[in-house]
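Chain by chain, the residues run as shown.
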Amino acid sequence: MNRLSKLGQYGIFLAFALICLVLALSTPKFFTVSNLLIIGNQVSINALLAFGVTFVIITGGIDLSLGSMVAVTGVAAATFAHPDAYPLVVPLLVGLAAGSAMGAFNGLVITKSKVPPFIVTLGTMTIGRGLALILSKGRPVSNLSDEFNFIGGGNIAGIPFPIIILIVAFAVCSVVLNKTILGRYMYAVGGNEPAARASGIRVSRVKMWVYTICGLLSALGGILLTSRITTGQPNAGAGFELDAIAAAIIGGTSTAGGTGTMTGTLIGALLIGVISNSLDLLNVTSYYQQVVMGVIIIGAVVLDGVGKKD
Amino acid sequence: MKRNAIFAILIATGLLAGCNQSSDQKSGDGRGEKLVIGATMLSMQNEFIVNVSDAMEAKAKEMGVELITVDAERSALKQVEQVESFIGQGVDAIIMNPCEVEASSPAVKLAMDAKIPIINVNSETSAKPTAFVGSDDTESARIAMKYIAEKLGGKGNVLMMHGFMGQAAQIKRDNGAKEILKANPGLKLLAEQSGEWDRAKGMSLTENWIQSYGDKINAIFAQNDEMGMGAVKALEAAGLKNKVLVVSVDAIPDALQAVKRGPLDATVFQNAKEQGGKAIETAVKAARKEAFEKEVLIPFQLVTKGNVGSFLK
Amino acid sequence: MADHILRVREISKSFSGVQALDNIHFDLKKGEVHALMGENGAGKSTLMKILIGLVAPDSGEVLLEGTNLAGNNVNETLKKGISMIHQEILIIPELTVAQNIFLGREKELSGKSGWLSGWLNDSVINQRAAALLDRMGVNIAPDAKMKHLSVAQMQMVEIAKAISNNAKVIIMDEPTSAISDKEVATLFQIIRDLKAQGVGIIYISHKMDEIFRISDTITVLRDGKYIGTKPAAELNHNALIAMMVGREIAQMFPEATQAVGEEVLSVRNLGRAGKFSNISFTVKSGEIVGLAGLMGAGRTEIARAIFGLDQWDEGEITLKTSPLRARTPREAIDRGVGYVSEDRKGLGFIPRMSVKDNITLSSMNNHRKGGFIDKQSEESATEKMIADLKIKTAGTGQHVTYLSGGNQQKVVIGRVLLASPELIILDEPTRGVDVGAKFEIYKLIRSLADRGMAIIMISSELPEILGLSDRILVLSKGKQMALLPKSEATQEVIMRYAVG
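Chains as they are written, first to last, in UniProt numbering: chain U, 1 to 310; chain C, 1 to 313; chain S, 1 to 500.
Derived by calculation from the structure, the hints in this document are not laboratory data. Accuracy of the hints is not assured; some may be wrong.
Derived DSS-like pairs (lysine-lysine); straight-line CA-CA distance at most 27 angstroms [stated by the list, open to error]:
1. 49(S) / 345(S)
2. 179(U) / 375(S)
3. 114(U) / 147(S)
4. 112(U) / 275(S)
The shape of chain U in the complex, shown without the other chains:
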């Protein structure tokens, strides 16, 4: 039992390694530098959102408005990113500010109204989609400056820029979660909210932070996506929240709150990315891709859960 539970802790890593091994054996194109860079690039947006929602889920909440925040922030940034209009920082700040504001709005409503986060963010998900359409008047915002497009499309020393953003964001999020008081409080709030409050933690403040950070990371994802496809699309990001939540859960974050790690979430996001990449490489038709993806998500969590009982 003891050995099994130890194995369970690393279940997700094992599952990931196993799947990579199988893929490397089944197609020689999988394990090449260029393909790995492509996977990293494709994974980056989902991973950023997953980092954000990991914070939220650790505190026992949920955020369904990620995808809509991607759209709003993407459109908002694109509006200010036309060539020769404003310096690059303007669209970036506008996007990040829009995301933080939406996240803070989520946090405010959740802490003041006591309405469950599921309902509140379901509402903001729809509001956000509407805002994106209003801002863009229903049309993609295109013709963006080269500097802006570099964020999602450029390379530094052969490494796609999104991967660099991903690594930096991962490092920062890990530090926040493990090394700061705020991170400790997140675990406490998710682990037992009444006890956290009785311990003198300002629970509302922690939640405000968490949803705001989640909005900020969604904005980063939105900017990255907009830059990558060189247009701000009001209907972008639909369904992204589900992929992000899936990555966090595959990575061992419990929806009951109180547990979860950034490393786990990163692996979860990579797992999803690797699967969709390799199924394309193997030319598996999209009907089967969806089935395979679902099976792997459940399988990974089952394997992860085997040792965690008790």
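Assemble the complex: chain U is given as a structure, and chains C and S must be docked to it using the hints.
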């Protein structure tokens, strides 16, 4: 808490009242002489549909009829309900941009039973409406694939990017493309996969294809411009764009710009303006019981660098 | 011989090398209430799991009316007549009383056969439930939803469920942990009726008074070993504790060694609508003030008001020299108030966090470098607290879930102490704690007072209140009945005031 609930309801009622007012004003003045046409559109989040809708709006203004446009948000159920309420309001004609071939058909039947002319625009339903205005999707794919065959001299490896599997446009564009492929045995379909009409997905898919097939790729046919633009981005990043031909369908402004600049080799113009305008014309004729064509087919046009200028406004 | 309904013979069981039960035996007679005593970890719960068929023993046998139950699962032992009423009440709140009682047996009760038996027949089960509850002398409507019942009523429904199974043996695990004294009386009446009908009852409880009130025979386990079985009449309090702990506890309640100092807390005419009114008392440095009263007397509510978990409507609270009106626990903690809740799992600790993370949670401000955690200072503070409070843990990184009740309580006290309070409110500090650990907690409370802290202790156990408090405030239904000095307080006096 209770007070909060009441407050929320008040706000919601206020908002609704506000919305109602604006539509009341529209339909309020001079109902007697002015024709009223109700239009339900597939999705106002889709740029092409928005363009059709804008053309309808412009034409309606020009002809002096009143147009009420609603968004079905891709839900056939919602669309049927919208048509029901148009019938309830007693509009003079209905224009429907159907969500689905089968599921939107009941709306056609409802309108026909109520003896209100109903015109399908852009895509079809299995139930026969008063008239159809649009283009044949099969044709658009034929045009695109013919261009690829011509450019490759009838020989080479082709990849095809599908839309959402099972949608009418995807099925028809698939049929059209496959027809031409069959007629050109020198063209080999290396792989086909869905990009779900989405630019980012199309880009990822192309990146993965490049890994798989690399230099072997000669051309990519994307069933819409969004995916085509994604393919172009991926090929440019891999430095392969000048070796691979990319053709897509719809001629959205972004795609036209890309054709003008060069990276997108061709797109197929589906005439949104013409479709919208003709739909209104047909609806007005039908409402006034004048003679009208039962099927108005707006031809597609191939857009290449040579003629792109005339499509750019 | 024939009156032995259940015989447990030489049961042994080990889990991954740890001997949980070692040659345990005991006999239950028809119509007997047999108390099973022992500290946490003595093996009681493992033994019960074996009896109900949840766990298979390594060796030994369980005989129900002479038949070996080996190899039976929970459902089979239930059908044969062994029912258990769990400490945590297992009910489905959205179903009715009758539906809960007959849950899982709808088919047999539907009165139909074949596929028709899948149809629910609520009127039949309502009638049967009504008859059953009537026979028990309990006034609960069979079609009431479970969630509208009080905890005691739920307990009664659980018992009804056991009886409806035609149980020959009923195991009750801490059945009074969540019910009031009056309801305990009803429960005991039901137990006496069951006895009269020849049902054998195995009774598990930490409450000594109850054990002596209700049980005929007492069996004691310690560290998985059988210690002895005696008629209840031959044992007294101290003798039973000695059997359980394995040694005599000479002095349960340590005496104060320091004189009482300045006034720390003053509560004047405090009131909260519907909860309590006109409460006035003071607590001095080095003093322990006990709050006594029955369940619902308003003791916890007063504590929550002082600590900022609830608000109050009238009166005033003064801490040291300035008024205190905490709107959140944070403000109370910053002013030097600490609160150890009665609801340890709900308001006490965070189960999935380590001992260290729990202990430092209220005082992170003392272990920081900017927004970052100063892990070294945190670690050393925790180690010191573990040593001070003698917390038994595998290390600072151990998850609190895996500690015993007494050690969990010490972790919560440690967290409160680390925030350097001047006033500590301890609400039922020994609830669910072993006898041995209780003694340690008493010593700890007294030593805190001797260090100059002001202490309010709420407890439902009168010996505890009497033994430890310097002064005792007795409440009844939200009203202050008496404020007694230690010299005037006896069990009888307190109970007289508490009953109102």
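Hint numbers contradicted by this structure: none
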